[in-house]
Amino acid sequence: MLDQLIVCILLLFVFISGIVFDRYILNNQTKEYEKPESFFSKQRSSEKVYKNNIEIDDKKIVMGVETVNMESKHDGLGKTTESKDNTQSAINKLKSMKGK
Amino acid sequence: MSKGLDVGTSFIIMSKYNKDNIVFKDFRDAFYVIKPNTPIATKMIEKGLAGKTFVKDSDGSFIILGKDAIEKAVERNETARRPMYRGVVSVKEKEAKRVLAYILKEVVGKASEPDEKLVFCVPAQPVDQEDDDFDVGYHEDVVKTILAETGHDARAINEAEALCYSELEDTDYTGIGISCGAGMTNVCVMLNGEPTVVFSTTKSGDWVDRMSAVATGEPDSVVQVEKEGGGFKVGEPNENPVLNAVSSYYERLIEYTARQLSAALDGHKALPKFKDPIRIVVAGGTSQADGYIEKLNEKLNESNFPLPIQEVKHASDPLHAVSKGCLIAASIL
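Just so you know, the protein sequences line up as chains A and B, in that order. So the first sequence is residues 1 to 100, counted in the numbering used here. So the second sequence is residues 1001 to 1333, counted in the numbering used here.
Hints are computed from structural coordinates only; laboratory data are not their basis. Quick reminder that beta carbons are idealized off the backbone N, C-alpha and C, glycines included. You can take every hint at face value.
Lysine-lysine pairs mimicking PhoX-like chemistry, simulated, CA-CA at most 25 Å apart: (1) B:Lys1117 x A:Lys79; (2) A:Lys60 x B:Lys1144; (3) B:Lys1047 x B:Lys1067; (4) A:Lys59 x B:Lys1094; (5) A:Lys79 x B:Lys1067; (6) A:Lys79 x B:Lys1105; (7) B:Lys1273 x A:Lys98; (8) A:Lys79 x B:Lys1144; (9) A:Lys79 x B:Lys1056; (10) A:Lys60 x B:Lys1105; (11) B:Lys1275 x A:Lys93; (12) A:Lys79 x B:Lys1047; (13) A:Lys98 x B:Lys1269; (14) A:Lys98 x B:Lys1275; (15) B:Lys1094 x B:Lys1105; (16) B:Lys1105 x B:Lys1019; (17) B:Lys1019 x A:Lys79; (18) B:Lys1269 x A:Lys42; (19) A:Lys73 x B:Lys1105; (20) B:Lys1117 x A:Lys84; (21) B:Lys1105 x B:Lys1092; (22) B:Lys1105 x B:Lys1144; (23) A:Lys59 x B:Lys1144; (24) B:Lys1144 x B:Lys1094; (25) A:Lys93 x B:Lys1313; (26) B:Lys1117 x A:Lys98.
Far from chain A by the CB rule (all over 12 Å, computed), these chain B residues: (27) Glu1071; (28) Pro1114; (29) Asp1115; (30) Gly1229; (31) Gly1235; (32) Gln1288; (33) Asp1290; (34) Asn1304.
Chain A with its partners taken away, still in its complex shape (with noise of 0.2 Å):
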């Protein structure tokens, strides 16, 4: 009888020590990380987000970008090249592959 309490202590010793050896060894070996969310993804969750905690825009504000006084003394911008489209089956697939 008391053999086998000294083993299930012994066991449950060896159960919290692999709790703690993770999480608080193994982990801080391990970089922190937030996984990137696909373009995709982003696209659909954008009009779903739902924040209850009121928050002041503070990003910096776009300005001076107009262009309307200067005077263009060119033609055309760029140069044109043309190739074959080989994308129709790249959109396929990563359209079956993102359910669209």
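Place chain B on chain A using the hints.
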């Protein structure tokens, strides 16, 4: 209809469909300002700029754009200015936003239908620099504001994620995309079409130009022109002193990139357990140097890269791959 847009530090590249083809429009992201002091000088300068790509600003100055700006800067032994710095709109240049707005509006054009879908690329947060000037959110807002004026419904995508959508179809969108631009190197680890790790480093082609310019005493623009002319192989000595410096710094850049890549992924919590060796696909103007891919493969092996590599592959069209990925993303929206 939809459009893809690679808003790069060195090139702005727009892509769109035209029947069975993809049309790419490239423009060099550079400008050079000449401010005349007298009315006679104004007339002389304007005459001298005939045939060049330029605009006349409200204060009477001439803003030369694109390749012509670099040529004019080299002619005057100076360095052309950039509206972008390390992947985002430059806060160092007062004129940056206006010049970027002008170039983007001209290259992208008006939307062909109301709220035409357009996807443009943005860089990831760098792992090697904490910089208050690096504000991707602000950069994204600036580009969206400009593109809204042209009637587009513009959305942002991570640059390396776009590269993966363009180049990893035959591995079911599993692998690593590395976009080596002028200002930054962007990385995306993708598993079945989902990005699992994205990050960037702040050393790339411009760093090679800067360091080579310091070593040889030439302006950055001169080094850039020599470098883009080719005639050197990464890591091999060259008789031309500028190209010799470029070749050496390229090797250091690749070693740095490989080490950063290995360090960033080693022990990373979000790194998937790939069942097969993975493909690494590389694109961007900086990767076009002769010997870049071979050297990157060599340096990744030396830096104990934490994943088994199947191959390090150059994108089929390295300069247009990111823009093509943006176009693919826009077509799925």
